[in-house]
Each structure stands twice: as C-alpha cells, then as structure tokens.
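**Student:** The primary structure of each chain is shown beneath.
Number of protein chains: 2
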Amino acid sequence: MKNTFAALRELCGEIADLRSAAAVLEFDQQTAMPANGGEGRARQLSLLARLAHERTVSDRMGELLEALEPYRLNCAPESDDFCLLRNLRRDFDRQRRIPSAYVSEFSSLTALAFQNWMEAREADEFGKFAPYLERIFDLRRAYSDFFAPYDHIYDPQLDDHEPGMKTRDLLPLFTHLRREQTRLVEAITARPHPVDALPSGHFPEAMQWALNTEVAGRIGFDFRRGALARSEHPFTTTFHLDDVRITTRLFEDNALSALFSTLHEAGHALYEQNIAPALDRTPLGTGASLGWHESQSRLWENLVGRSRAFWRGFFSAFTGPFSRRIRRVGRGTMLRGGQPCCAFGCSCGGG
Amino acid sequence: MKNTFAALRELCGEIADLRSAAAVLEFDQQTAMPANGGEGRARQLSLLARLAHERTVSDRMGELLEALEPYRLNCAPESDDFCLLRNLRRDFDRQRRIPSAYVSEFSSLTALAFQNWMEAREADEFGKFAPYLERIFDLRRAYSDFFAPYDHIYDPQLDDHEPGMKTRDLLPLFTHLRREQTRLVEAITARPHPVDALPSGHFPEAMQWALNTEVAGRIGFDFRRGALARSEHPFTTTFHLDDVRITTRLFEDNALSALFSTLHEAGHALYEQNIAPALDRTPLGTGASLGWHESQSRLWENLVGRSRAFWRGFFSAFTGPFSRRIRRVGRGTMLRGGQPCCAFGCSCGGG
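Chains as they are written, first to last, in this note's numbering: chain C, 1 to 351; chain S, 1001 to 1351.
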C-alpha cells in the first residue's frame, strides 16, 4: 500500500509540475512577453495542458486510485490522505469526460484571446476582442455539455470553483444580497459625500512600487517565497508553495488602485503561502475553493485596507512631497522583488 | 512521404515547445524568481528536460527518420529538408547514448546550482558553490563517457557547441592566438594610457535602462518580437523566433558594463530574430553553432560598440547633467519592455 500511495504522489507531483510550468508561462505572458509572442506561447501552453490532462485521466491514475480505495475507506474522513484520494477520484471522473483535444484547444484559445484582449484594450476596440470572447463562450457551453444532463448550464462550470455548489442554491443568496446591498448603497449615497482626504495629483511609479512592496511585506507576504510584478490586470499565481507571485498595476494619477489591488492579491497569496508544505504538489495544495480564496483577498482589501487603523499607519505615505522620497526608496526596488524596506515617513514602525 | 515529413515536423515542434517552456522557466528563474523558488523550479525543469529527451530519442522518431532516409538522399545537400533530417539523425544518434535519468538529474542539478551560485555570489563565498560545481564536473565527465572512446574528454562536449570540431583542431589555433594577442596587449600597454573621456560618477538605473533600450532598438532589436530584462548575469534566450529575450545588468557606478552587455546580447538576438520563419520549431531554427553566435554578439559589442562612429552618436548621452533626463526618460520604460524612444540629447536622430 505504502508503495502504491508513493506512486500516486509521484504521479500527482508530475501533474502539478506540468501545471506549474504552464502557470510560469502564463505569468510571463502577462508580465514580460512581447506583443508578437502570443502564437508560440499558445502552442506551448496547449501542449502543457494536454500533457497534464493525459496524466490526470490516465489508466495508471485509475489503477492507483482503484488499488488505494480500501485504504481510503479506512482513513479518517478529515485526514489529508482521505481528502487527497477523494479529490483525485473526483478530478479523474470529471476530467475523463473531457477529451484531450478539447483541453488543448481551450488552452490555446485563451492564450491567443489574452494577447488579443491586450491589443483590443490598448486600442479601446471591443470589436477586435469580441470574436475570441464568442468562441470562449462556445467552448464553455461545450464544456458544460460534457457533464449533461445538468439542472443549469452553469452548474458544471460552478462545480470547478465551488465543488458541489449548484446555481439554484446561489440564486436566492444573490437575490437577497442584491436587495439588501441596494438599500445600503441608497442609505450611504443619501448622506453628504465625505471629503476625499487623499490629495489627488501625481504619484510617481517608483514611489507607488516601493509603497506596494512595503504594504505587501507588512501584512505578511513572504518575499523569499514570492514576488511582486506588474501586469495589465492584477492576479495571483502559485508555482508551488515556496513561489507565489502577485501582480499589481500602477496609475500615476490614482495611487489607491494599485494599493487595493496589491492588498487583494497579497490576501490570496497569504492563503497560498501558509498552506501546509506536506500538501504541496497535490490537488490539496491550494485554496479549498474560489469562495474561500476570495474571502481571504477581500478580508485584506476591504476589512483591513479600508479600515481607520490601516490608514492611521499609511496615510502619511500618500501626503507630503514625494520628490525626495523617490530618490530614497525607488531605486532598485522597482525592478527586483527583494525584501521590503520601510523608507516612508509613515508610522508603520519600519521594515 | 509528405505525411511522414509532416509527422516529423509535428514531433519536432512538440520537442521545440517543451524546450521553449523550459527556457521560459529558466528565464523567469534568472529574472524574477524569489530566493526559495529554486527547489520547485529544479523539479519542473527536470521534468520538461526528460519529456523533451524522451521524444528526441523515441522509437517513433527513429521510425520517421528511417522512413524519410530515401527522401533525404534525393534532397540537395544544402536544402533545408536535407539539413533538418541530417541534424535530427545526428541528435537522435547522440541523444540515444544518454539515459533519460541522466538528463533529469543534470537539469535538476544545474537549476539548483544556479540558485546556489546566486547566494554564494551575493555572500562572496565560493565555498558555498564549490560542491555544486564539483558535481557538475562529475556529471560532465560522465557525459563524455557516454561517447567513449574519444581522443580527448572534451570532444563530446565541444561537439554539442561546434558539430564535428575536435579539441586537437582547436589547440593550435588557441596557441597561435595566445602568442599574437600577448604581443598585441604588450604593444598597447607600452603606449601612454589614453584619457578616459567618460565621466565617472553616478549613472542612475532609470537613465541606463532607457539608454540600453534605446541602443538595442537602434541596432535593430525588434521589441515586438523580444524584450529586455535584468538578471545577475546577462544572457539571450529564444522561446521561438518571435520571442527572443535579452538581459543586462546595471551598475550605477559603471554605465559601460550594461551597455556592452546589451550590445553583446542584442547581437545574439539579432541573429535569432532574423532566422527564416520556416525553420522555427526545428533544430535548424537557431544559430549554426556557438562560434557563429559569438561572432554576431562580438561584432556588435566590439566592432560596433567600441567604434568611433558609435560613440559619435551616443557619447553625449553619458555626459551632462542626468537629473532632468531621468524624469523625462526613466518613467515607465524601466518596468515594461515597450518600444524604445529616443529622449536623449544625443545625435542618434530620434527613435
């Protein structure tokens, strides 16, 4: 049994490494790739996705899971081994419904669509991106059909993000939220608009970069096990538990955009960086679901980042003259991740 | 025959895509990866190297080459198809001597060694790196032994860089060069030392970044099909012919270091970016040999970069006050590749 379980972990590890390699390629696409790199990148990503899928649904995987079924039934239902075997079985059964050719095509399409989205966004021409979006919808519908029959066409998609969740369970929740939130927003907007205490104006990139690095580090993002980069749209990606990347984007006329993005992504990253090392390279080595993940990112973005206590510490970093600070804090830190250092005049207490 | 050749191209393409994915992972390791990312990266690289090697020496490859042998013999010896089949056969025969386990181990070792080299370099402690270097030598010796018998233990290594070249052919050449170059250096150093016209002092990173981007673009590096990044040691890597990356390193007390590195790497990149698109994703889609490649990098670094004509254009970028220029040129360009723009006071004629 021990050998069989080790063999399963080995196979899991190989799948995880292939998915990690793909994640590095996607990260590079969004942070460093030149405009014309997209076609080649789509081919590479499509190949890696296929290789990972082939292993996930391989007969070998099926045999190992079968052989380990008696062991699983003897495990405590909350034990790591039980959960791993349950999740792998679930992946195996679900992924078996999806042809490898579909996996390749969808991976290639989204990589090309991303390149196209970047160009369409720059040119502010939705029409350029629309055909890609349509094709994505087509393939997404085809994806649901691999799981037919279903109550709602979104159910098979939702299941990938929130295992077991159904559209019919979510609708009443969202209906309720919408009603209550609308009331809340109306109550807030009926009151006088508060004075925007943050000075508008110019926030140089170097200063923002240093501030965002500082803030991420101060809330616990480990820069030896992760890095901050820039991208068109902020995201978090995990190559393995000791290499979690977050990105932000800087607007020189709006320093809050980057700050809240960084807090949000660092929230995701804190979740990933603090997963038990024993779960690395398995399907358990990530967030339990998208909902859990968003609860972490929004905790930091909204409950912490929009609190009075947070701003008591960081407000002064946004006010006062920046010109001297750029020279003091901006150098070097902009291009390398490195350790955060506190060189602001704020009261956060130093790096 | 046509179908067989297409199948071979397909297999070649898959091997090329796997090698490209590995190249992206190596590029990321040297330009963005956090300190603790090394172990996971070594596993990922080792897997990709094994998958590429397995395909290179697969029975399928052998069968395709065998089936295409009559076609090859009918091709003109300088035709692309002839050269492709010749090189693939050569790779197949050579790589078959190397066990896949060796390929995995060597790839993993060099990835770990790189991380260690970075730390040892930072700490200036060669002793930390020495065990890795020893192990690399051991594995390199083992590599040569896969090709025994040989005249000289370096021959199998040399053959990877300069196909067909032997150590015994190189020794007389280097002996001659050493004698003549020593004389040349003696003659030069006997003359009075020329005045170093470049001002020493502080060259801010933002200014150097803009200058290096500008110079690379001016000599023809295509920023839509490539990008400039920073790394501990400068290098060039090709993911495919439309995505060639170069790196440089910036020292604020020595602006020439980055400049000559960039010219050197852009020289390599010009070679790669100008290879015929039809050869992409084949073993022909790269430089003919390391010697040819170095001839291109050194042409730009030394014959162009150290010429009077070059400096007539770029000298003024290094002199005069920089403080105003940083604000004008440094913003944004430091973190994104983008198109080069000429905002210097030099006489290069604009972007």
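Worth flagging that the hints you see were computed from the coordinates, not collected in a lab. Please note: incorrect hints may appear among the correct ones.
Below 25 Å or equal to it, Euclidean Cα-Cα: the simulated SDA-like pairs (lysine to any residue) are [unchecked claim]: (1) C/Lys2 x C/Ala101; (2) C/Lys128 x S/Lys1002; (3) S/Lys1002 x S/Phe1223; (4) S/Lys1166 x S/Lys1128; (5) S/Lys1166 x S/Val1185; (6) C/Lys128 x C/Ala148; (7) S/Lys1128 x C/Arg224; (8) S/Lys1166 x S/Asn1087; (9) S/Lys1128 x C/Asn74; (10) C/Lys128 x S/Arg1086; (11) C/Lys166 x C/Ala148; (12) C/Lys128 x S/Arg1249; (13) C/Lys2 x C/Thr110; (14) S/Lys1166 x S/Arg1225; (15) S/Lys1128 x C/Ala101; (16) C/Lys128 x C/Phe146; (17) S/Lys1166 x S/Arg1224; (18) C/Lys2 x S/Arg1178; (19) S/Lys1002 x C/Arg86.
Here are some of the chain C residues that sit facing chain S, going by a computed Cβ distance under 10 Å [to be verified]: (20) Gly38; (21) Met165; (22) Leu173.
All C-beta atoms, glycine included, are put in the ideal place defined by N, C-alpha and C.
**Student:** If a hint holds in the structure, say so; if it doesn't, say that too.
**Tutor:** Right, here's what the structure says about each hint:
For a cut-off of 25 Å, the pair hint linking C/Lys2 to C/Ala101 is broken: about 34 Å separates their Cα positions. At roughly 37 Å between alpha-carbon atoms, C/Lys128 and S/Lys1002 are farther apart than 25 Å, so this suggested pair is violated. For the proposed pair S/Lys1002 and S/Phe1223, the alpha carbon gap of about 36 Å is over 25 Å, so the pair is violated. A threshold of 25 Å between alpha carbons decides the hint, and for S/Lys1166 with S/Lys1128 the separation of about 34 Å lies outside it, so the pair is violated.
At roughly 28 Å between alpha-carbon atoms, S/Lys1166 and S/Val1185 are farther apart than 25 Å, so this suggested pair is violated. The straight-line distance between the Cα atoms of C/Lys128 and C/Ala148 is roughly 32 Å, outside the 25 Å bound, and the hint therefore fails. Between S/Lys1128 and C/Arg224 the CA atoms are separated by roughly 19 Å; this keeps the pair inside 25 Å, and the hint holds. For the given pair, S/Lys1166 sits about 18 Å from S/Asn1087 by alpha-carbon distance, which is consistent with the 25 Å threshold.
At most 25 Å may separate the alpha-carbon atoms for a hinted pair to count; S/Lys1128 and C/Asn74 exceed this at roughly 47 Å. Taking the CA atoms of C/Lys128 and S/Arg1086, the gap is near 44 Å; set against the 25 Å cutoff, the hint is violated. Between the alpha carbons of C/Lys166 and C/Ala148 the distance comes to roughly 14 Å, so the proposed pair stays at or under 25 Å and holds. Of the pairs offered as hints, the one joining C/Lys128 and S/Arg1249 is violated, with about 38 Å between alpha carbons and a cut-off of 25 Å exceeded.
Distance hint between C/Lys2 and C/Thr110 is unfulfilled; the C-alpha atoms sit about 40 Å from each other, more than 25 Å. For the hint pairing S/Lys1166 with S/Arg1225, the CA-to-CA distance comes to about 36 Å; that exceeds 25 Å, so the pair is violated. Note on S/Lys1128 and C/Ala101: the hinted pairing is violated, with a Cα-Cα distance of about 47 Å set against a maximum of 25 Å. A threshold of 25 Å between alpha carbons decides the hint, and for C/Lys128 with C/Phe146 the separation of about 29 Å lies outside it, so the pair is violated.
Between S/Lys1166 and S/Arg1224 the CA atoms are separated by roughly 39 Å; this puts the pair beyond 25 Å, and the hint is violated. Distance hint between C/Lys2 and S/Arg1178 is unfulfilled; the C-alpha atoms sit about 61 Å from each other, more than 25 Å. As the CA atoms of S/Lys1002 and C/Arg86 are separated by approximately 48 Å, the hinted pair breaks the 25 Å bound. A hinted interface residue such as C/Gly38 counts as satisfied when its beta carbon comes closer than 10 Å to some beta carbon of chain S; here the least separation is about 8 Å, so the hint holds.
Interface hint status for C/Met165: violated, as the beta-carbon distance to the closest one in chain S is roughly 31 Å, over 10 Å. The closest approach between the C-beta of C/Leu173 and any C-beta of chain S is roughly 38 Å, which is over the 10 Å cut-off, so the hint fails.
Violated hints, listed in ascending order, are 1, 2, 3, 4, 5, 6, 9, 10, 12, 13, 14, 15, 16, 17, 18, 19, 21 and 22; each of the other numbered hints is respected by the structure.
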